[in-house]
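Chain A is fixed; fit chain B onto it per the hints.
Protein chains: 2
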Amino acid sequence: MSDQGKSTDSATLSAIGEARKAGIETVWDRYQAQVPQCGFGETGLCCRHCLQGPCRIDPFGEGARTGVCGADADVMVARGLSRAIAAGAASHGGHAKHLAHTLLKSAKGEAGDYPLKDEAKLRAVAGRIGIKTEGREAREIAVDVAEKALQEFSEKESPLVWAATTVTKGRVETFLKLGVVPQGIDSTVAESMHRTTYGVDADPVNILLGAVKCALADYAACHMATDIADILFGTPQPVVTRANLGVIKSDSVNIALHGHNPLLSDIIVQVAGEQEMNELAVAAGASGGINIVGVCCTGNEVMMRHRIPLATSSVSQETAILTGALDAMVVDYQCIMPALAGAAECYHTQLITTMPIAKIPNALHIGFSEAGARDCAKEIIRAATDAFKKRDPARINIPGISSAAFAGFSTEAILSALSLVDKDDPLKPITDNIASGNIYGVCLFAGCNNVKITQDANYTAMITELVKNNVLILATGCASGAFARHGFMTPEATEKYAGDGLKAVLTAVGQAAGLNGPLPLVLHMGSCVDNSRAADIAVAIADKLGVDLNMLPVVASAPEPVTEKAVAIGTWAVAAGLPTHLGIVPPVLGSRTVTEVLTSTAKELFGGYFIVETDPLKAAEKLLSVLGERRRGLGLGS
Amino acid sequence: MSDQGKSTDSATLSAIGEARKAGIETVWDRYQAQVPQCGFGETGLCCRHCLQGPCRIDPFGEGARTGVCGADADVMVARGLSRAIAAGAASHGGHAKHLAHTLLKSAKGEAGDYPLKDEAKLRAVAGRIGIKTEGREAREIAVDVAEKALQEFSEKESPLVWAATTVTKGRVETFLKLGVVPQGIDSTVAESMHRTTYGVDADPVNILLGAVKCALADYAACHMATDIADILFGTPQPVVTRANLGVIKSDSVNIALHGHNPLLSDIIVQVAGEQEMNELAVAAGASGGINIVGVCCTGNEVMMRHRIPLATSSVSQETAILTGALDAMVVDYQCIMPALAGAAECYHTQLITTMPIAKIPNALHIGFSEAGARDCAKEIIRAATDAFKKRDPARINIPGISSAAFAGFSTEAILSALSLVDKDDPLKPITDNIASGNIYGVCLFAGCNNVKITQDANYTAMITELVKNNVLILATGCASGAFARHGFMTPEATEKYAGDGLKAVLTAVGQAAGLNGPLPLVLHMGSCVDNSRAADIAVAIADKLGVDLNMLPVVASAPEPVTEKAVAIGTWAVAAGLPTHLGIVPPVLGSRTVTEVLTSTAKELFGGYFIVETDPLKAAEKLLSVLGERRRGLGLGS
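So the protein lines, in turn, are chains A and B.
Position 480 of the first sequence, counting from 1, maps to 480 under my numbering, and the rest follow consecutively.
Position 166 of the second sequence, counting from 1, maps to 166 under my numbering, and the rest follow consecutively.
Each hint should be verified, as a subset may be incorrect.
To be verified - Simulated pairs of lysine-lysine, DSBU-like, Cα-Cα distance not exceeding 30 Å:
(1) K148/A with K132/B
(2) K108/B with K148/A
(3) K169/A with K544/A
(4) K156/A with K148/B
(5) K156/A with K132/B
By construction, these hints were calculated from the structure, which means they are not laboratory data.
This one's a predicted model, so the numbers in the text were calculated from it and none came from an experiment.
Next up, chain A with everything else stripped away, as it sits in the complex (with noise of 0.2 Å):
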């Protein structure tokens, strides 16, 4: 593979060729050392569910046509999917039940490190979830709000607030219909476990329909999530920073942010901002006292919320070592390669692991308690100006290219910008400028990079496409991350790609919240459980149209879709009736019943759908055609 074949961002190609000089092996040396991969799995026709096994079906129809348990094609693949849903259901569901442990905690004065920060946001979610608030202190609501969240893990007689409150009526009866409404997150996760063992389901399409449920589940988690962290850390407004390699500083002890809770991140921004810090730095030798950078979607988090720059993300996170400068690399969990155990044992870096659920040998493990949070804090950013000064100045090598980011697009703030337009009727100018089709549709990008994808490749053809054709763009998680290295997030973006329609409409929003130019050509919304917020938007202008979401002109992307949390993410937003692609070809082609599925019978079931296409041109005329189908569904032109 040759380095262009990599990536399309020069900042990583950079750092790429410095680790060939180093000899130091990356992701797509790891990649390139497992092709060809194995066809059974790509076609998601191997099993290894019980000790018969482990078996596969030849796709070409040549061998075994079934398991030795008789599980066939259908089946196996069903299966497969639903087990990589439930573990997407089972990471969201952690991220948001360790938020609700804290937010509980902190309303009984037991973590002190954790101030409820946005008091309106408190009181509308417990207004949204039937809790009173009416004349009660933030403190007794906060104890309301964390139960109610921690009783969403467990099995109840009623569905899951947090999924029922949040979507439209209309969702919320297709889903009793179905019979896949969530009535408990673990619970689900483990019902998902069951029905998949040796021997339980044998229905490849009740198999999907309970995956479904499970993928509603994670719904539900990732909303808790976003709304418990606003609770916690602040609802975000826009903010601008940086993103890419560049914003790596060789006078400051670099501290790299990286994984998704932001938990201990937003503390150890907090901290890292005291002046006994800073003077550790300085001490150190670091001028430039301390930076911080971020990853991931910690990184979309601190982003987002404190101006943090974005260093990378997702498949280039190793990049972030090889410019030889960064001090220390702070991970919670998800996402996080166990390669940067040898990328960092390279270099000065300090790894350092924080939760008990995910350790790397090699690493130093600085165990976070919400307790401690602060202490943790700082022995952190000790272990990194200790480890700045074992810096070899002649390894530093920071591609010196970073881009402006506009981040920091909550559904609030989105609504707020809008007010400034329509004080009575934010929703208004868009409604209005999707029917005069200045806004033809919306596209929510969302997920990773993959190492099969040159990286960002598919983001920057497809955004290029879809904006000139007037398609409103929201982004979380890792797509931000590619949008953000490619300059996509800025108001000069807009000018340069965007159609006019949806550039007289970015112009003047923007205008109107008194940016002096366009808002960025992408709203960036957060990190990836923040797809909630997202939703929430589609929700809100569904319910202004007096339509399902089946009706909207708004779809989802992953273009680069990597973790078992993307292919939950994906199905929830299918049930939630939009049109959802996917730039990898998912395990599921040695079964045409579920390829079926899940690319028409959710048509007729759902409304959304999976929409595979692994050419991003490609992609984009398929995204602007079914934007036009659900245009002239609602009678707009297409």
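Below, chain B without anything else, positioned relative to chain A:
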């Protein structure tokens, strides 16, 4: 594979011959079509936990050494094992939760078909878990027990009650020290799924400790399932019935109950015994009326509580249909081969699914609900009777083979028999005889039949060797199916195979119990969730001797294991301190670290450890040697 390589059981071999004549595929054919199985999967060196995969590591060190993310062989293998255990715990959890919900409904008067059959057990369980019983109505107590049970599924601040109150104090201390105490069944399953997704836990030992925690959640679920089943359906007492295909009757409407949960099967047995149903069958031409037979663990449940004969189990489940005289196969969940549908289609047999999470295409689905359990049972019996009318007498080929089987040795039944020998100190006859060497040790046989092993060959070879050396045998699940088929669950087998010491003990207790002969050679303790009964016996002996479980001359063996549940059970047996034999190599050999932790480090941590040995005679020798070592540790003769 010659037929002799498929099974050691004549009835099964007869059915296999019939299948060949009729051109019907069985599990052994499907296995042949899978051979050679994938070496990566067999060694655990394959990972499909993200869309950058599938990744594989060459076990011979020639190809890739890590997956794309950098996960090495240790991480890959540990992750796979952890997910298998999570699936096992989820399955037992689902089973237990189902029973707990029914207990609650029963106590609240919402499930009239489920009276509280065993009030003594209810009070004993309640007392053990800290619920007040004195002066309270059974129903009130049952509400509290059920609610406490349901709380076990979500994360609490304290350890699982069903684990903490049922093991020795020493075990609780060990588990606390190692951080493996589960605080919720479903929540621990979800935690395992989270920690094994892309980029979370990369420390193989940490992953394995997480897996042990999940296995202990599995233990709690098993124990809960046993407790509540006894409360609702009665604590088993010894019964005599018969086992093997010969229990199917040509003149009757034959209904096989297959799966795991007694919730529906117990009601079917009750309803089938009623005049109305019998008349229906006779009217249809079945002069023998209705004949209920069991398969797998549902078979165990109804065998020990209602003397229902066991037709077959585990790998040979299809043979019940191959008799040509099975009119309905009713399944709940777990271990139900999807292939049953194909076999049933070759005959008149009606395959009936009953649970929402376990459907099979082309089967008749009769949905079960507690509120309408009797109605559901009647509908099932009617469907079986209808199928009977389509039976082709020319195709009936019931092997006239069956053995007597003594079943139902619950902990309570064993203690009650022992109290006839020593009223004041029922355990004394056991501990005294262990001390004297009349009982050299105890071996619990559990698990399945695996198609890779000539059916029952490992069971029969091992038991013969062990009892000759005076090892007391307990059995559960499909291990008892194997022993029952071969006549080992009889007093005659004691006479024939037991060593002198063991024979003397079993005879003394048998005589005291009025059996006019010895106890059977195998004490059948129930279904596979009932492994908790064996744990109870071991805990009672340990407490009596004043030592912890890791000192006892007690071992466990799964000579022919299949399911992820078996992996979970084996792991908690190890954590409980028992040396645990596996007759199948689990998919871990790809990792030296994981293999060492399971077979060696575990001994230091827990006292228990895995002994993997595919040769049954060598396995028996190893277990005898371990028992000798344990005896010497207690200062007893070996």
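Checked hints:
| no. | hint | in the structure |
| --- | --- | --- |
| 1 | K148/A with K132/B | holds (28 Å) |
| 2 | K108/B with K148/A | holds (25 Å) |
| 3 | K169/A with K544/A | holds (13 Å) |
| 4 | K156/A with K148/B | holds (14 Å) |
| 5 | K156/A with K132/B | holds (25 Å) |
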